[in-house]
Amino acid sequence: MRILVVEDDDMVRNLVEEVLHEARHTAVLVSNGQEAGELLDRGEKFDHIISAGMNGAELLRRVRGDSQTAGVPFILMSGADTAPFKEVCARYSAEFLAKPFSIDGLLALVGAGEGVEVGVAPDILDLL
Numbered sequence: 010m011r012i013l014v015v016e017d018d019d020m021v022r023n024l025v026e027e028v029l030h031e032a033r034h035t036a037v038l039v040s041n042g043q044e045a046g047e048l049l050d051r052g053e054k055f056d057h058i059i060s061a062g063m064n065g066a067e068l069l070r071r072v073r074g075d076s077q078t079a080g081v082p083f084i085l086m087s088g089a090d091t092a093p094f095k096e097v098c099a100r101y102s103a104e105f106l107a108k109p110f111s112i113d114g115l116l117a118l119v120g121a122g123e124g125v126e127v128g129v130a131p132d133i134l135d136l137l
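Numbering (this note's numbering), first residue to last: 10 to 137.
Rather than coming from a laboratory, the hints here were simulated on the basis of the structure. Keep in mind that the hints are not guaranteed to be accurate.
Computed cross-link-like contacts, DSS-like style, restricted to lysine-lysine with a CA-CA straight-line distance of at most 30 Å [stated by the list, open to error]: (1) Lys95 to Lys54; (2) Lys108 to Lys95; (3) Lys108 to Lys54.
Pairwise CB distance ranges (calculated) [what the hints assert, rightly or not]: (4) Ala89 to Asp19: 12 to 22 Å; (5) Gly52 to Ser111: 26 to 36 Å; (6) Gln43 to Ala89: 18 to 28 Å; (7) Ser111 to Ser76: 32 to 42 Å; (8) Gly74 to Glu31: 26 to 36 Å; (9) Gln77 to Glu104: 17 to 27 Å; (10) Arg33 to Ala92: 33 to 43 Å; (11) Ser76 to Asn23: 24 to 34 Å; (12) Glu31 to Ala92: 10 to 20 Å; (13) Leu38 to Arg71: 31 to 41 Å; (14) Glu47 to Asp113: 10 to 20 Å.
No residue lacks a Cβ here, since even glycine has one placed at the ideal position from N, Cα and C.
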């Protein structure tokens with residue numbers, strides 16, 4: 010799968026990329042919603058979008074409002090108060106992933122958890 014990862018924290022972004030790569034996915038990395046929007050505006054296609062925080066919520070609204078991207082599976086991540094983000098996810102048919110999260114949790118949401126050997130400790134992302 011080709012997955013857009015939108016995360017402003019370099020360490021988290023790089024760890025997510027490593028996990029996805031180990032699970033045989035291609036990660037396209039950007040640090041904010043504006044960069045993600047530019048890729049989408051250029052017609053870039055993704056099988057999944059993973060985005061964090063308020064920029065992620067705004068990007069989710071935009072993705073769902075565009076007929077070209079409305080059906081793309083979306084994971085919204087946040088380490089902040091989860092209630093507002095869960096509400097946005099419910100409203101816009103997205104998955105929510107609370108930080109810190111496990112590798113297994115991330116892979117389960119992108120559909121890669123079955124039968125994939127990941128060479129990283131399952132709880133490494135819990136350290137973030």
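Structure-based check of all given hints:
Pair hint Lys95 plus Lys54 holds up; C-alpha atoms about 25 Å apart against a cutoff of 30 Å. Simply put, Lys108 and Lys95 have alpha-carbon atoms about 13 Å apart, close enough for the 30 Å limit, and the pair holds. Distance hint between Lys108 and Lys54 is fulfilled; the C-alpha atoms sit about 26 Å from each other, no more than 30 Å. Checked against the hint of 12 to 22 Å, the pair Ala89 and Asp19 passes, with Cβ atoms roughly 19 Å apart.
Distance hint for Gly52 and Ser111: a CB-CB separation of about 34 Å, consistent with the stated range 26 to 36 Å. Between Gln43 and Ala89 the beta carbons are some 20 Å apart, a value that agrees with the proposed interval 18 to 28 Å. Roughly 34 Å separates the CB atoms of Ser111 and Ser76, a value that falls within the hinted 32 to 42 Å. Separated by about 33 Å at the C-beta atoms, Gly74 and Glu31 satisfy the suggested range of 26 to 36 Å.
Remark: the range hint 17 to 27 Å for Gln77 to Glu104 is upheld by a beta-carbon distance near 20 Å. A beta carbon spacing of about 35 Å between Arg33 and Ala92 agrees with the range 33 to 43 Å that was offered as a hint. Here the CB-CB span from Ser76 to Asn23 is close to 33 Å, well matched to the stated 24 to 34 Å. Taking 10 to 20 Å as the suggested C-beta distance range, the pair Glu31 and Ala92 does not conform, at roughly 32 Å.
With their beta carbons about 19 Å apart, Leu38 and Arg71 fall outside the hinted range of 31 to 41 Å. At roughly 32 Å, the beta-carbon separation of Glu47 and Asp113 lies outside the given 10 to 20 Å, and the hint is violated.
In this structure, the hints that do not hold are numbers 12, 13 and 14, in rising order.
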